[in-house]
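Based on the provided sequences and hints, a complete structural model is requested.
Chains as they are written, first to last, in the working numbering: chain H, 1 to 429; chain U, 1001 to 1429.
Keep in mind that the hints were calculated from the coordinates and are not lab data. Each residue gets a CB set at the ideal place from its N, CA and C atoms; glycine is no exception. Some hints here could point you the wrong way.
To spell it out: a stretch of chain U is covered by chain H in this simulated footprint if at least three of its residues, at any positions, have a beta carbon under 8 angstroms from a beta carbon of chain H; those stretches are [to be verified]:
#1 1023–1035
#2 1380–1389
Straight-line distance between alpha carbons at most 25 angstroms, and here's what the computed DMTMM-like set of lysine to aspartate or glutamate pairs gives [said to hold, decoys possible]:
#3 U:LYS1384 with H:ASP158
#4 U:LYS1046 with U:GLU1417
#5 H:LYS384 with U:ASP1174
#6 U:LYS1384 with H:ASP248
Pair ranges (Cβ atoms, derived) [to be verified]:
#7 U:MET1159 with H:GLY227: 56 to 62 angstroms
#8 U:GLN1003 with H:ARG401: 49 to 55 angstroms
#9 H:THR40 with U:ALA1031: 33 to 39 angstroms
#10 H:GLN80 with U:SER1179: 45 to 51 angstroms
#11 H:ARG108 with U:MET1010: 32 to 38 angstroms
#12 U:SER1205 with H:ARG401: 53 to 59 angstroms
#13 H:ARG25 with U:PRO1186: 37 to 43 angstroms
#14 H:ASP8 with U:ALA1031: 54 to 60 angstroms
#15 U:SER1179 with H:LYS46: 45 to 51 angstroms
#16 H:THR104 with U:SER1045: 56 to 62 angstroms
#17 U:GLN1003 with H:LYS41: 24 to 30 angstroms
#18 H:ARG25 with U:SER1179: 42 to 48 angstroms
Chain by chain, the residues:
There are 2 protein chains.
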Amino acid sequence: MTQAVRHDAMRARNLALVLGAVGARGSVTRAALAEMTGLTKTTVSKLVGDLIEGGLVVETGTVRDGERGRPGVEIRISGQHVAALGLEINVDYLAACVVDLARTVRLRRSTQAVDNRAASPVDVIARLGDLAASVVDEAVEKGLRVVGGVLAVPGPVDMTSGVVHNAPNLGWRDVPLASLLRFPFPVGVENEANLAALGELWFGSGLPDFLHVSGEIGIGAGLVVRGRLFRGAHGFAGELGHVVVSPDGPQCRCGGRGCLEQYAGQDALQTAARGAAAPVRPATGTRPATTSGDAPAVSPREGTDAPAGAPGTLLPAQQGVSWLLSRLREGDPDARAACERAAWALGVALSSAVNLVDPDAIVLGGIYAPLFPWIGHMVADTLKARLGQMRGAVPPVVVSRLGAEAAALGAAGQVIEQVMADPAALLQH
Amino acid sequence: MTQAVRHDAMRARNLALVLGAVGARGSVTRAALAEMTGLTKTTVSKLVGDLIEGGLVVETGTVRDGERGRPGVEIRISGQHVAALGLEINVDYLAACVVDLARTVRLRRSTQAVDNRAASPVDVIARLGDLAASVVDEAVEKGLRVVGGVLAVPGPVDMTSGVVHNAPNLGWRDVPLASLLRFPFPVGVENEANLAALGELWFGSGLPDFLHVSGEIGIGAGLVVRGRLFRGAHGFAGELGHVVVSPDGPQCRCGGRGCLEQYAGQDALQTAARGAAAPVRPATGTRPATTSGDAPAVSPREGTDAPAGAPGTLLPAQQGVSWLLSRLREGDPDARAACERAAWALGVALSSAVNLVDPDAIVLGGIYAPLFPWIGHMVADTLKARLGQMRGAVPPVVVSRLGAEAAALGAAGQVIEQVMADPAALLQH
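Have a look at this one:
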């Protein structure tokens, strides 16, 4: 019995070793796999056979002359069978995607006109279930087998229980999300900003060290250091939206005042763009003449929250970032000024973040991706003004190519990582 | 030749394995070491012999009945031979300490009445050299052999070149510190706040996860996660002193405005305590009636830097924190109000830090250790007001038992770690 357990553990370890080597090389012969892993050719052949049977790898069919004078069939990760489901609940949309084991995005779906703040968690999860079922059905039609999923949510998640203790922008408190999900495969839950950073790592720029900023109604960040996500002591790191921009600024839903979210979150941006908020910085809506860090002529006025229920405080999603983008393209001065204010506040909060965590680059994602042409320069200028004297090189500010899709992609990518780390869990004995 | 190189590498690895096992257990027999390391008893005996000869371990002399019926002499780390030098250059003091391999602090020395801002790097290093020579001489008299040192400096250090690019509080720019040091053993250079955090880890509270705050003229922080220091992408993480408290606040030496250092650094504190600065928060110097995060009646007034050369801007060290402490004990309202303002600002900056890096505890060190009775509560209250609604548990704010000694101890501790990781480097073949 102990012998059998040991054999199973060793087989599991070796399957992961071989699958990892295939993933690292792209395509590789059995002989090369034996060299890479230190296993015998016989063992490698047996393991590759199991992985082929399980649909995790496939022979390329390309027969080349091997180095030792005999033809070698190459093995690569199969994109035809095993797949992962990425899900996201955000404040004003739901998203789902399916990624195959070769990391190709096969399906993407998102709802547009929803406001999840007006719905109960049970209703939101029911709608998410419908969306997920439709993409899983489509995936099955493509011959894919969805083996697991991860759900991104806009708030800190207790990773062991799957409980969302507080997602203030959804109005959720102590929602036992993991236990409400009904899927025929395991589905984990994690913070949206963490997953968006992983999405950027696996499907985006390819940078190994960066701080990824997820601009949504709330603002989260994910720090990737040498290809790994930094989670902090309890997994709650990266709450950039509640970094202090101005300590006596507008009241925030988190209980603090003057948090970044109150200047640069999607709601704050749109309220300002409708002319309903404080005069922006600078008041004329033009770029400031100086970015040296001197006191500005006009600062964001503080404590000017629109009263609850006032026009513009709860925007329908169809009036979301696309409404703002069309205003910006028209040259609307309120919209431009709102973006300047948000970009300045982002620069201030990110200067604190750079001082604390020293990232190699800053990637602006979520709504900041489409807004980048209007905010990127000012974020970079504010950072340079605040950091330039201390640091020889201020981290570059770049745009995410994934935008709002990053979190769902990172969620699916996390399932792929799990399969790669433990393929034995998927295979029959 | 290759065989010899391989043998040396294996011996080096095994020496570290055995020394590490002794360090982990405290005291342990050769038989137990063989079991712990998987090495044969003959190999262990040979390695232990080498370690004894090199003075790294010692037989306890305590002979106990071994488990297998024969007496077993126990081995432990020797505190009698190998020792490490910890050094610190700070703005208003120099410090040196010697720690033996058993992690006992054997010597501590610091200068009191210096102002290193008024001196050239070469002069400061000459004085440091004198201080170091005196403690090394004393260590030699105690039979210790100082095998290496690390120097803590208050600014970011390029770890590969040993160049301090910018220590604004010392007025140093691009000082090639490592190449200016003259010691008969290797001496590394690292950032003071990083080393203070490691000092706290190795010689302080014993917590494995915390953010350590080094309050000096400048304010640095070191984040320890699961017993390891987080350094960021370039080793410049933890610049808490330049986290934004108020974006249009007083001009900071770093080029930014309203950085924490301008509210809670030692100079800012003392200037405020002399009544030379802005009215503090709250203006009466009493604790605010509410800590709920509501707008205060009076905020710190901003942009009120004392002009250069004005009384109180450059305090002689003898008037340093001891002067402030005596004022506080007398109940001086300006001194108390200055501490309230500093504590509030620390709370604001730390709330940003907690949101970004999610530490398990906050340890206040440096000058904040003696000031803790006057600032600890307000730091904790401000954190709770800003974080309490989002996070179930706000990290506790505790006082460092090491205070200003933490950095020099961490510096010596880093040499000890190096010896433990590679004892072969010290031993003759």
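**OP:** List in ascending order the numbers of the hints, as given earlier, that are violated by the structure.
**Re:** 1, 7, 10, 11, 12, 14 and 15
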